[in-house]
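Visitor: Letter by letter, the chains look like this.
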Amino acid sequence: MKLTIERAALLKTLAHVQSVVERRNTIPILSNVLVDAGDGELALTATDMDLTIVETVAAEVATAGATTAPAHTLYDIVRKLPEGAQVEISSSGDGTQLMVKAGRSVFTLATLPKEDFPTTGEVDLPHEFRLASLELRNLIDRTRFAISTEETRYYLNGIYVHASEVDGVPCLRAVATDGHRLARFEMPLPEGASGLPGVIVPRKAVAELRKLIEETEDPIAVSLSETKVRFAFGKTVLTSKLIDGTFPDYERVIPSGNDKVVEVDCQAFAQAVDRVSTISSEKSRAVKLVIENGNITLSASSPENGTATEEIEISYGGPGIEIGFNSRYLLDIAQQIEGDAAEITLADGASPTIVRDRADPSALYVLMPMRV
Amino acid sequence: MSTLCRSCLVALPEAPSTARCPACGGRRLISHPELETLAVAHIDCDAFYASVEKRDNPELRDKPVIVGGGRRGVVAAACYVARLRGVRSALPMFQALKACPDAVVIRPEMAKYQKVGRRIREMMMELTPLVEPLSIDEAFLDLSGTEAVHGGAPARSLANLLQRIEREVGLTASVGLSFNKFLAKVASEIDKPRGFAVIGRADAQAFLAPKPVGIIWGVGKVLRQTLERDGIVTIADLLRRDEADLIARYGAIGQRLSRFARGQDDRPVDPVAPAKSISAETTFDGDIADPAVLLAQLWPLCEKVSRRLKRSEKAGHGVTLKLKTADFKLLTRSRRLSDPTCLAETLYRAAQPLLEGEATGRKFRLIGIGAADLVDGTLADPPNLLDPDRDQQARVEKAIDAVRARLGDAAIGKGRGLVPRVARRR
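Protein sequences appear in the order of chains A and B.
So for the first sequence, my numbering puts the first residue at 10; every next one is plus one.
So for the second sequence, my numbering puts the first residue at 1374; every next one is plus one.
If you are wondering where the hints come from, they were derived from the structure by calculation, not from laboratory data.
Quick reminder that beta carbons are idealized off the backbone N, C-alpha and C, glycines included.
It is possible that some hints are incorrect.
What the hints assert, rightly or not - No farther apart than 27 Å at their CA atoms in a straight line, the calculated lysine-lysine pairs in the DSSO-like style are these:
| no. | chain 1 | residue 1 | chain 2 | residue 2 |
| --- | --- | --- | --- | --- |
| 1 | B | 1649 | A | 292 |
| 2 | A | 250 | A | 89 |
| 3 | B | 1787 | A | 297 |
| 4 | B | 1594 | B | 1565 |
| 5 | B | 1565 | A | 292 |
| 6 | A | 220 | A | 250 |
| 7 | A | 269 | B | 1771 |
| 8 | A | 292 | B | 1594 |
| 9 | A | 213 | A | 244 |
As the list claims (entries may be wrong) - Covered by chain A, according to a simulated footprint, are these stretches of chain B (three or more residues, beta-carbon under 8 Å):
| no. | stretch |
| --- | --- |
| 10 | 1604–1616 |
| 11 | 1658–1667 |
| 12 | 1745–1751 |
So here's chain A without its partners, still in its complex pose (with noise of 0.2 Å):
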């Protein structure tokens, strides 16, 4: 194998996939990347057994040919290389080495043999559709914050994707929870959805999936089965394994019944929570909301550090209402809320309460209170 390449291009390529291997790995082949150089292209492999990715990018391929080499290693090299440098990158004629030399720097590195590294193999995945690349940004961006890290209740260390109906009209939803606050996504279902069995992408899968598609404009093609994800998009083929359990069913646990509407100034509001939790403890980081008529007074206080209270206008008619949250779960909430208006919808101070978005329905949070 004997390639040159442009030291950016190859960089960018090396950090998307370099960051799906772990730090630390029991088995030796799965700190390695696969490079893989065929016909004017060097594609580029790495995978944990759950997630793998597959990007290909444009190079000067003398001899085709395919070995592995260690990722973090491989991408520290490639990191500290002068801009604009050309990379040349070969196998040694045992194929026990591989060979980087770009200017008067040269690296040798152990591989270990192409043979060795883990193949997913051609799977069916019988779902396709295609997302623009901002309705998914959003989906994963108004949802992944509410992801449980618990490993006792594994399911819940995702999110859960599926197709359902609203008055009729047949819809794509992403939902996830943690049994403190749950965030719920819909959107239109895309052509070719329906049927969609109930699927749910793990954590890891979804935080490499959002900064591999920042920058993206292009249509993210997603294919699944009940046990395996693909989403393929420009040169990037990211697949992972999803989660084998059962997502509670999360349509239970959000109200139905909550009549009090209170209408807040979103950024003045997450404003006060911020400056208000401040005071409160680090373990309950608990603001108590006294609600009145056109009136939250914001309210936080630990015996270490004393008190903190902030009045906000809003607007509200209805009786008073004392309610504790973990101030936060209402950032996270309120940074995803774009419009100016947030309303919140309550029963009474001990119930679950509902958060939207005035101006994009397409997002409803659940937050349980806490005991202040």
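For chain A, the structure is supplied; the task is to place chain B on it using the hints.
Guide: Using the frame of chain A, we list chain B on its own:
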């Protein structure tokens, strides 16, 4: 004052020429040049559990007494008669009985010891608010600045405390008096039982130098072996290395090694040293492999930990399962919970999958469960969107606790605490 009579508490400016107290004729004199100025003490009851049992049953007085659990347990405490025969705490019971076959073995009765321990703790608190309990029968005390209140040096107050413990509780204890916690603890070991030993600023270095490094708190078997391999056996060996070198070699503990070796310990006596975790464990009478039986053993431990969490108004954010295999390998498996808990049910549900992951045919001799990352009890078990019956669980446990408080622990319990009949017959 450089001499104190432990019998009549008289303070003498210097040691009398005879070995007897000129006031009462007693022989129990403590002499030390710094006796008047030292204020940090470590107090430790002598063979605590065994002594309580002897106190309550005078027939046992001259017999070797071992307090410990069953055939398979370990020695929790051994009286001094048994100790002469080679029995010591933490020795497996079968070995202890081999060394001392005529020993009287008594099952520990923790509630009784706790009551006695609390009584002694109260007496300590009368001397100073700075009491840092280490265990049920052991504590650090800082008596700095109490001279005016008690009308005498800390040494005298301590001698008086020992007398009160003997008189009012019927137990003996030993005191180590020094100027920091490390040396106070070392001192209390010197003269046991019924001892009173003093290590001063001037004699600390000379006292420590020939001692094995193992007396330093935090130096266990493994580190001791590592140090030995590097040629460090005694504290004097440590003194020959500089601190930076020890830190580079052994990490953070290197600093402690260096400082403690020089008799320096700046840890304050901390009366509110909060528990870092609350746990309970049990050693089985026979090794157990059956997951169902292990789970049945786990449940009462969860209840025990839960009870202690509730009583101390704490909640654990982490759960740790502890297992010891038949060949004494220790396994721990931990989980972080979505919310801090004080409920036995939640502890159990978190530990169950951990146990099932390990109980795959191996035999175990011990099981334990701990609640870690303790936080304030007000943060326990907040309402959860996905766990609507959590409040109900809390109410169920409250009801069980209330019934038990009135009618005893056996009055009510969950079925899962019962050992499956099939397994029991085996």
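Visitor: For every hint, state whether the structure bears it out.
Guide: Hint-by-hint comparison with the structure:
Note on residue 1649 of chain B and residue 292 of chain A: the hinted pairing holds, with a Cα-Cα distance of about 15 Å set against a maximum of 27 Å. Distance restraint check for residue 250 of chain A and residue 89 of chain A: the Cα-Cα separation of roughly 33 Å exceeds the 27 Å cut-off, and the hinted pair is therefore not satisfied. At most 27 Å may separate the alpha-carbon atoms for a hinted pair to count; residue 1787 of chain B and residue 297 of chain A exceed this at roughly 38 Å. Between residue 1594 of chain B and residue 1565 of chain B, the direct Cα distance comes to roughly 23 Å. Compliance with the 27 Å bound is thereby established for this hinted pair.
Distance restraint check for residue 1565 of chain B and residue 292 of chain A: the Cα-Cα separation of roughly 44 Å exceeds the 27 Å cut-off, and the hinted pair is therefore not satisfied. A C-alpha spacing of about 18 Å is found between residue 220 of chain A and residue 250 of chain A, which places the hinted pair at or below 27 Å, so the restraint holds. The straight-line distance between the Cα atoms of residue 269 of chain A and residue 1771 of chain B is roughly 33 Å, outside the 27 Å bound, and the hint therefore fails. Distance restraint check for residue 292 of chain A and residue 1594 of chain B: the Cα-Cα separation of roughly 36 Å exceeds the 27 Å cut-off, and the hinted pair is therefore not satisfied.
Among the hinted pairs, residue 213 of chain A with residue 244 of chain A is consistent with the structure: their alpha-carbon atoms are about 20 Å apart, no more than 27 Å. With a cut-off of 8 Å between beta carbons, the stretch 1604–1616 of chain B has 0 residues touching chain A; three or more are needed, and the interface restraint is violated. Three residues within the 8 Å Cβ limit are the bar, and the stretch 1658–1667 of chain B against chain A gives 0, so the coverage statement is violated. Evaluation of the coverage hint for the stretch 1745–1751 of chain B: fulfilled, as 3 residues show C-beta separations to chain A shorter than 8 Å, against a requirement of three.
Going down the numbered hints, you'll see the structure goes against 2, 3, 5, 7, 8, 10 and 11, while the others check out.
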